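J.: Since the structure of chain S is already known, use the hints to place chain V on it.
Residue-level listing of the chains:
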Amino acid sequence: MSPEMLTDLQALMPEIWLVAAIVVTLTADLILGHGRTARTVTGVVALAGVVGALLALGEQDTSVPARAFGVLSVDGYAWFFRALIISATGLVILYGIIFRGLEDRTRNEFHPMLLGAAFGGCLLVSTDNLLMLVLGMEMLSLPSYIMAGWQKRERRSAEAALKYLVYGALASGLMLFGFSLLYGMSGSLWLPDIGLAITEQWELGGELGRMLVVGSTVLVFAGIGFKVAAFPFHFWAPDVYEGSPAPVTAMLAVASKAAGIGLLLRFVDGAFLGMVVSEDWLARLGSVTAVIAAVTMTYGNITAVKQTNVKRLLAYSSIAHAGFLLMGVAVMLTATGDDRAAVETGQQATLMYLATYYFGTLGAFGCLMALADRFGAEDLDDYEGLGRQAPWIGVMFVVFLASLTGLPPTAGFVGKWFVFRAAISSGLDWLAVVAALNAAVALFYYMKIPVSLFLRGGDQPRVADVPGLGLVPRVANLSILVLAAATVWLGLMFDDLIAWVNASLL
Amino acid sequence: MLDFMFVFFAAIALAGGLVMAFHQSIVHSAFALVAVLFGVAGLYWTLGADLLGATQILLYVGGVTILLLFAVMLSTRDAGRLAIGRYILMAPVLGLLGAGLLRVYQGVIAISEGRELTLLEPEPTSDAIGQLFVDPHGFLLPFEVLSVLLLVVLVGAVTVARQQQEGTPDA
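Chains S and V, in that order, give the protein sequences. Letter 74 of the first sequence, counting from 1, is numbered 74 in the working numbering, and no numbers are missing. Letter 134 of the second sequence, counting from 1, is numbered 134 in the working numbering, and no numbers are missing.
Take the hints with a grain of salt, since some may be wrong.
One side of the interface only, derived from the structure: several residues of chain S facing chain V at Cβ under 7 angstroms [stated by the list, open to error]:
| hint | residue |
| --- | --- |
| 1 | G70 |
| 2 | P112 |
| 3 | M132 |
| 4 | L208 |
| 5 | L212 |
Not close to chain V: a few residues of chain S, all C-beta gaps over 10 angstroms, as computed [unchecked claim]:
| hint | residue |
| --- | --- |
| 6 | M5 |
| 7 | L57 |
| 8 | E159 |
| 9 | L170 |
| 10 | S216 |
| 11 | L273 |
| 12 | E279 |
| 13 | F375 |
| 14 | S425 |
| 15 | V475 |
| 16 | N477 |
| 17 | S479 |
Chain V stretches covered by chain S per the calculated footprint, using a threshold of three residues with CB under 8 angstroms from any CB of chain S [as the list claims (entries may be wrong)]:
| hint | region |
| --- | --- |
| 18 | 39-49 |
| 19 | 127-134 |
| 20 | 154-160 |
Just so you know, these hints were derived from the structure itself, not from any lab. Since we're looking at a predicted model, the values are computed, not measured. For every residue, glycine included, the Cβ atom is placed at its ideal position computed from N, Cα and C.
Chain V with its partners taken away, still in its complex shape:
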């Protein structure tokens, strides 16, 4: 069962990734990204991280990709056909990088080898995570800092995006 779920979700993620990287139209690429993120969410579920998987779908599949699509549609006039030829020079560099990463992942696999993986009974993790968020020695401070970060960045984003009226004093 575990193997089947892993292969299933990994295949979705991988296929989505290939389409995303090689499709000519940037809009199609963005839709393929949805498949990638969904596949990864499934992998989280497989590993028993239910909250993470749900958040992944809620935020990334539901939010970030939609934003991305909007950005693509608003910023490119002809729904963006990418000229791949311009980036062909980057291919060897990226290939080397990819080869290096592959070796790193082999390292990861070497570490985890021998550890028996079993399909975890889907047990809600949200309880424990919620506890950590209010535990002063857990993630209380990072949680609070995150709210300050969001406040400052929101104000900044509005300031950047706001249209300036000509002739307003101090503006």
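Isolated chain S, as found in the complex:
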């Protein structure tokens, strides 16, 4: 083995850990059968794989961007997204162990699916090669379709899986079609080459060349928009989020969305903001993206107001958050000329927002699962009075919701602040105003949950479904506590986060 290949493999160590964990969980399942031991062993192995991947990631030095295997770009940017995706997967595994709904099928096969999706997400955010993009996308999506339908006896779960599969296949097909046009234009699978071809076609290709650029961009954006649940490709999200088992929903809302945003930013940066740019094209694309961002957040928030199922409410709010994330992309695209600083402002805003969204959403889903697990509560009505019975979970839930709303002193405030600042600095004042109005709407519906938890309901205690708390729920609760602490901590001391994000820009 050549030393060069060894370096390539080292860059891939986190992914190798994930794949190793897939193989070991499958083998353990095969040898140990379906007993309690097998369940424990597969769970521990899956978690060990994630921890190993995170440690391997920690050892990587990304200060000098490196390429691996000719198709991966192992830079700080990939590091940032891989860290988010892998750690989110670890938490989801933990949630999956306590979540009882997964027992419809054997739990042991759930871990390989989850790890496979994480593997795909990691590849997706570290590549600038179209072929690898498609593979990463499928690696992330196919296990997700299966996981969405994991609760076999639950009608809604089967419906979720089918909807996700059908719309997902359509989105993949559209994206592939877009990629084939891009490849036809440039004769290359590499994003920077494609960027050159796009600029050339827009400037010199006449009307037909422009058609080609617009057509391929729309098709590719449709595929990515589906992954991040942006308007008008959001329609799968509410049903799938509601029907999927809660740990899977958390995975879709955090890891899958992060991977989609990671792909979007790298694509936009590589294909549209390369060495030679066409300002005319960027201005148009930028204003369209800004409008999509505004519509996405408004649609998500307005529809969320009416929801009574907490999971569905979080689903619509997650559509709204996709709008906020797209604001940063719009800022990147409206940056004119060689203004690299403005592009970086947009990127920085998106990454900051994503990092804070990560803590808030994972935590909120953790609390949702804890309440569902102990009291079987899923609707706002069921939540009445639970805050007084489970004060820890209740208070932490409020912290996460405050962060998702963007209230100080939580991390969410920092994220929103960066996005607003970026929008205003690049002249998208109207978008900042729309976003501010949306934040107010979000406050209204998010606060329905704490009101239900603490201010409504009688004093008679509800019967908990599960009397005793085992070790694993305790660990899961502890992880939620850590997330809550991080949410508040990052809201007060965000210097480290900014430094990290700045080191992760493309």
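T.: Just chain V now, with coordinates in the frame of chain S:
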């Protein structure tokens, strides 16, 4: 010769596509799909992509359509007569989409205009593709990732399809 081959295979694909879209019986549509895929495979051959053409016939004509036929036969009771009326509302939308795509293809043609196309001497491409699959800077990694993808998806598919026995512990 090139023109003849192109017209021949394109006609097969197009005719198959029309039958597929407009035939009332879904089974006939599936068979028409075989013609479409075969025609496209022929176009690949015309362009000198022999491995791609062979794979197209092997996988799509031989595998995917058979699966499709099985799915159709197992899932519909009366061999599926489609009610076209329900989808008539979609027609304007799809028409617009098609018009847009036509413009895009005009763009494609505009790019390739002026490039002289000659019938390539059928030269095996499988050698070069095989080399790329084991070249660390070629497609080695995508090739390996593909095997992980297939493993995970196979396990998932079996899990989805498996009948659950009532009363098994942990099941």
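J.: Hint by hint, say whether it matches the structure.
T.: Results for each hint:
1. G70: Where the cut-off is 7 angstroms and the nearest Cβ of chain V is about 4 angstroms from S:G70, the hint holds.
2. P112: holds, 6 angstroms
3. M132: holds, 6 angstroms
4. L208: holds, 4 angstroms
5. L212: holds, 3 angstroms
6. M5: Given a closest Cβ separation of 6 angstroms, the condition is violated.
7. L57: The claim stands: S:L57 keeps its Cβ more than 10 angstroms from every Cβ of chain V (closest is about 18 angstroms).
8. E159: The claim holds: S:E159 sits with its nearest Cβ about 14 angstroms from chain V, beyond 10 angstroms.
9. L170: Its Cβ never comes within 10 angstroms of chain V, the nearest being 12 angstroms, so this holds.
10. S216: violated, 8 angstroms
11. L273: holds, 22 angstroms
12. E279: holds, 21 angstroms
13. F375: holds, 24 angstroms
14. S425: holds, 36 angstroms
15. V475: With a cut-off of 10 angstroms, S:V475 remains clear of chain V, as the shortest Cβ separation is near 21 angstroms.
16. N477: holds, 24 angstroms
17. S479: Given that every Cβ of chain V is farther than 10 angstroms from that of S:S479, nearest at about 24 angstroms, it holds.
18. 39-49: violated (count 0)
19. 127-134: Contact hint for the region 127-134 of chain V vs chain S: violated, 0 residues under 8 angstroms.
20. 154-160: Result for this restraint: holds, n = 5.
Of the numbered hints stated above, those contradicted by the structure are hints 6, 10, 18 and 19, listed in ascending order.
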